[in-house]
Amino acid sequence: MNILGFSSGMYGWYERHWMDFKEEPSLDEIFRSCAEAGLDAVEVDAQPEIVQLAKSYGFAISGSYIGLPLHESSINIEETVMPVARRLSEVNGRDLLINADPKGGWGVALKKTEDEFKRQGEHLSNIADAVRDLGLKVSMHNHADDKHNAEGDLRSVIEYSSKEVGLCIDTGWAHVAGMNPLEWIEKYPERVYSFHLRNQHGAIPSENITSGDIDMQKLIHLLSDINYQGWLTFELWHREDNHPQRSLVEDTKISINYLKQALQV
Numbered sequence: 012m013n014i015l016g017f018s019s020g021m022y023g024w025y026e027r028h029w030m031d032f033k034e035e036p037s038l039d040e041i042f043r044s045c046a047e048a049g050l051d052a053v054e055v056d057a058q059p060e061i062v063q064l065a066k067s068y069g070f071a072i073s074g075s076y077i078g079l080p081l082h083e084s085s086i087n088i089e090e091t092v093m094p095v096a097r098r099l100s101e102v103n104g105r106d107l108l109i110n111a112d113p114k115g116g117w118g119v120a121l122k123k124t125e126d127e128f129k130r131q132g133e134h135l136s137n138i139a140d141a142v143r144d145l146g147l148k149v150s151m152h153n154h155a156d157d158k159h160n161a162e163g164d165l166r167s168v169i170e171y172s173s174k175e176v177g178l179c180i181d182t183g184w185a186h187v188a189g190m191n192p193l194e195w196i197e198k199y200p201e202r203v204y205s206f207h208l209r210n211q212h213g214a215i216p217s218e219n220i221t222s223g224d225i226d227m228q229k230l231i232h233l234l235s236d237i238n239y240q241g242w243l244t245f246e247l248w249h250r251e252d253n254h255p256q257r258s259l260v261e262d263t264k265i266s267i268n269y270l271k272q273a274l275q276v
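Residue numbering for the sequence shown follows this note's numbering, starting at 12 and increasing by one per position.
Derived by calculation from the structure, the hints in this document are not laboratory data.
Some clues are possibly wrong.
With a straight-line cut-off of 27 Å between C-alpha atoms, the simulated DSSO-like cross-links for lysine-lysine are [to be verified]:
#1 K158 with K174
#2 K33 with K264
#3 K122 with K66
#4 K66 with K148
#5 K174 with K148
#6 K148 with K33
#7 K229 with K66
#8 K174 with K229
#9 K174 with K198
#10 K129 with K148
Label-pair restraints from in silico Cβ distances [stated by the list, open to error]:
#11 K33 with K198: 41 to 47 Å
#12 D56 with N137: 33 to 39 Å
#13 M12 with L145: 34 to 40 Å
#14 Y68 with Q272: 23 to 29 Å
#15 T124 with G69: 31 to 37 Å
#16 S235 with R166: 24 to 30 Å
A virtual CB, placed ideally from N, CA and C, is assigned to each residue, including glycine.
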């Protein structure tokens with residue numbers, strides 16, 4: 012197993028800042044907090060000014076995230092994907108994460124049909140083909156919060172896309188949808204490309220990854236078993252309903268140290 016380091020998506024940092032200060036944070040403020048937490052990388056769109064700021068804090072760019080209505084009949088890959096992919100490749104990023112956006116929009120989540128799940132797989136295959144020469148790993152990020160759509164999104168990769176397409180396993184959303192993210196690692200080891208790590212108490216996110224319904228110790232053991240070669244990326248989420256007792260900086264530090272200890276076992 013070769014862990015490239017610890018990274019983080021930006022969503023949770025924005026949410027925590029909004030909760031604390033009720034105002035828009037600057038990316039500089041967020042990166043400063045990420046550095047204090049001990050992260051090695053950030054998951055962002057590698058626009059030149061963002062890359063320059065990230066480098067000033069010593070960060071690599073682990074990957075970039077794009078949300079797309081993959082279930083729809085047509086997606087303009089050249090306009091929606093390629094600019095982000097080229098920027099990521101130029102800074103030696105690794106993971107191009109494609110989210111399967113919900114049918115009907117956020118907060119609606121209508122049930123997708125099997126033809127729409129197949130279409131998602133076709134679009135993912137086309138994206139992987141389009142970026143092949145850029146040296147990126149394309150994976151689908153699971154975001155569905157119900158079992159029907161979570162299972163169908165999984166089939167989009169496993170049954171309906173080319174073998175170049177992998178999984179970015181978001182442990183939190185998988186659990187909320189009634190799925191077991193550890194089973195995905197066991198069943199589809201060759202498709203596990205990346206992670207968004209968050210623990211859960213039922214539908215409510217845990218403050219950090221050390222407690223909750225998901226066995227993170229077992230997750231690390233499974234990654235050793237499959238010889239995982241990627242980043243460990245956090246998507247911690249402090250909300251009013253999980254009543255965080257610590258700062259996101261502190262909880263990220265705790266989560267990093269927890270995984271470091273697990274990796275040594």
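Hints, one by one, checked against the model:
Note on K158 and K174: the hinted pairing holds, with a Cα-Cα distance of about 24 Å set against a maximum of 27 Å. The hinted pair formed by K33 and K264 meets the criterion: a straight-line CA distance of about 24 Å does not exceed 27 Å. Between K122 and K66, the direct Cα distance comes to roughly 42 Å. Violation of the 27 Å bound is thereby established for this hinted pair. Using a Cα cut-off of 27 Å, the hinted pair K66 and K148 holds, with the two alpha carbons roughly 22 Å apart.
Restraint check for K174 and K148: satisfied, since their Cα atoms lie roughly 11 Å apart, inside the 27 Å limit. Pair hint K148 plus K33 does not hold up; C-alpha atoms about 36 Å apart against a cutoff of 27 Å. Restraint check: the Cα-Cα separation between K229 and K66 comes to about 33 Å, which exceeds 27 Å; the hinted pair is violated. Distance check on the hinted pair: K174 and K229 sit about 26 Å apart at the alpha-carbon level, within 27 Å; holds.
Taking the CA atoms of K174 and K198, the gap is near 15 Å; set against the 27 Å cutoff, the hint holds. For the suggested pair K129 and K148, the alpha carbons sit about 20 Å apart, so the restraint of at most 27 Å is met. At about 43 Å, the beta-carbon gap between K33 and K198 stays in the expected band of 41 to 47 Å. Between D56 and N137 the beta carbons are some 21 Å apart, a value that contradicts the proposed interval 33 to 39 Å.
Take M12 and L145: their Cβ atoms lie about 25 Å apart, and the range 34 to 40 Å is violated. Between Y68 and Q272 the beta carbon distance is about 25 Å. The supplied range of 23 to 29 Å therefore holds. Between T124 and G69 the CB atoms are about 46 Å apart, so this pair departs from the stated range of 31 to 37 Å. In this structure, S235 and R166 meet the distance hint of 24 to 30 Å, their C-beta atoms being roughly 27 Å apart.
In summary, the numbered hints that this structure violates are 3, 6, 7, 12, 13 and 15.
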